[in-house]
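Asker: Model the placement of chain R on the given structure of chain L, informed by the hints.
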Amino acid sequence: NAGVTQTPKFRILKIGQSMTLQCTQDMNHNYMYWYRQDPGMGLKLIYYSVGAGITDKGEVPNGYNVSRSTTEDFPLRLELAAPSQTSVYFCASSYSGGNTDTQYFGPGTRLTVL
Amino acid sequence: GQQVMQIPQYQHVQEGEDFTTYCNSSTTLSNIQWYKQRPGGHPVFLIQLVKSGEVKKQKRLTFQFGEAKKNSSLHITATQTTDVGTYFCAGGSSNTGKLIFGQGTTLQVKP
Chain L
1 NAGVTQTPKF
11 RILKIGQSMT
21 LQCTQDMNHN
31 YMYWYRQDPG
41 MGLKLIYYSV
51 GAGITDKGEV
61 PNGYNVSRST
71 TEDFPLRLEL
81 AAPSQTSVYF
91 CASSYSGGNT
101 DTQYFGPGTR
111 LTVL
Chain R
115 GQQVMQIPQY
125 QHVQEGEDFT
135 TYCNSSTTLS
145 NIQWYKQRPG
155 GHPVFLIQLV
165 KSGEVKKQKR
175 LTFQFGEAKK
185 NSSLHITATQ
195 TTDVGTYFCA
205 GGSSNTGKLI
215 FGQGTTLQVK
225 P
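So the protein lines, in turn, are chains L and R.
Position 73 of the first sequence, counting from 1, maps to 73 under my numbering, and the rest follow consecutively.
In my numbering, each residue carries its 1-based index in the second sequence increased by 114.
In case anyone wonders, no lab produced these hints; they're calculated from the structure.
No false leads were slipped in.
Restricting the straight-line Cα-Cα distance to at most 27 Å, the calculated cross-link-like pairs of lysine-lysine (BS3-like) are:
1) L:K9 x L:K44
2) R:K150 x L:K57
3) R:K150 x L:K9
4) R:K150 x L:K44
5) R:K184 x R:K173
6) R:K150 x R:K171
7) R:K212 x L:K44
8) R:K184 x R:K212
9) R:K224 x R:K171
10) L:K44 x R:K184
11) R:K170 x R:K212
12) R:K171 x R:K212
13) R:K165 x R:K150
14) R:K184 x R:K171
15) L:K14 x L:K44
16) R:K150 x R:K212
17) L:K57 x R:K212
18) R:K173 x R:K150
Over the 12 Å line for every Cβ pair with chain L, so calculated as not near, a few chain R residues:
19) Q128
20) G130
21) D132
22) R174
23) G180
24) A182
25) K184
26) H189
27) K224
These figures come from a predicted structure and were not determined experimentally.
Don't be surprised by glycine CBs; every beta carbon is placed ideally from N, CA and C.
Bound conformation, chain R alone:
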């Protein structure tokens, strides 16, 4: 079935360093959503990208949707300890009309 792969699975960074997680699909997606799950918490919606090549920013977070709508990235500039958590991408399937979640990238930030 259709899968959305996310890399890396884990990332440890020093506070102040940048961080990027990548999301890849073998098929074209209709849209991509990003969620954040704090340790011990539940996934919370961050943002949605729909257009090819779309870039959106939320303060230090930059989200990008690839031109072919098969990949996406989340970049955090100058990480802070509050950025700790697991970031999930979820791709919208054009075939099934459903969201397919990636495995998530867990970010640890050392103060």
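Chain L on its own, in the form it takes in the complex:
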């Protein structure tokens, strides 16, 4: 199993540009998450999904959109990039989503907005 994969690894955007961060998992997990990690900070939940067709906001959803058309894929969309969105983005998945379930993280996408 590849686990959780993310593309791209790195990206530089200009202010106002749009992009989609891709996330795929092959573990047949129901729950998927998007986090952002700013330097020296912890993980902040952007959006999560409990299954195909169902998404919900996390702690910091503004400026982002998500969709979940399949169990495997959970893309994160930035419509109008802003410097405040410079961060490392991690996708994660878990089987049940319960608070005792382990989350498996992808390798991350390092995004810089100039």
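Answerer: Below, chain R alone, put in the same frame as chain L:
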């Protein structure tokens, strides 16, 4: 909202010294998980504690869950350069059923 606070934010130690990071919640947690993130890497699950007062060991790492299930600690004995990274605790909320991550403690080890 519910928060999980972690201290210290940074710790520099000489190789061979011990290291401890603490995780505190204002409300009772159902469980606590610990993750390690190597520099440039992604968080990787280390361990989970569920019972009040539980203590678990992984080689030089000792994890403890407080009696009131509001705090936890990770202690590393005789640090090595391979221990470098950021250690996150994640508390399970009884109310929301979700994991809440602490800010992490970044450990630097001088050889």
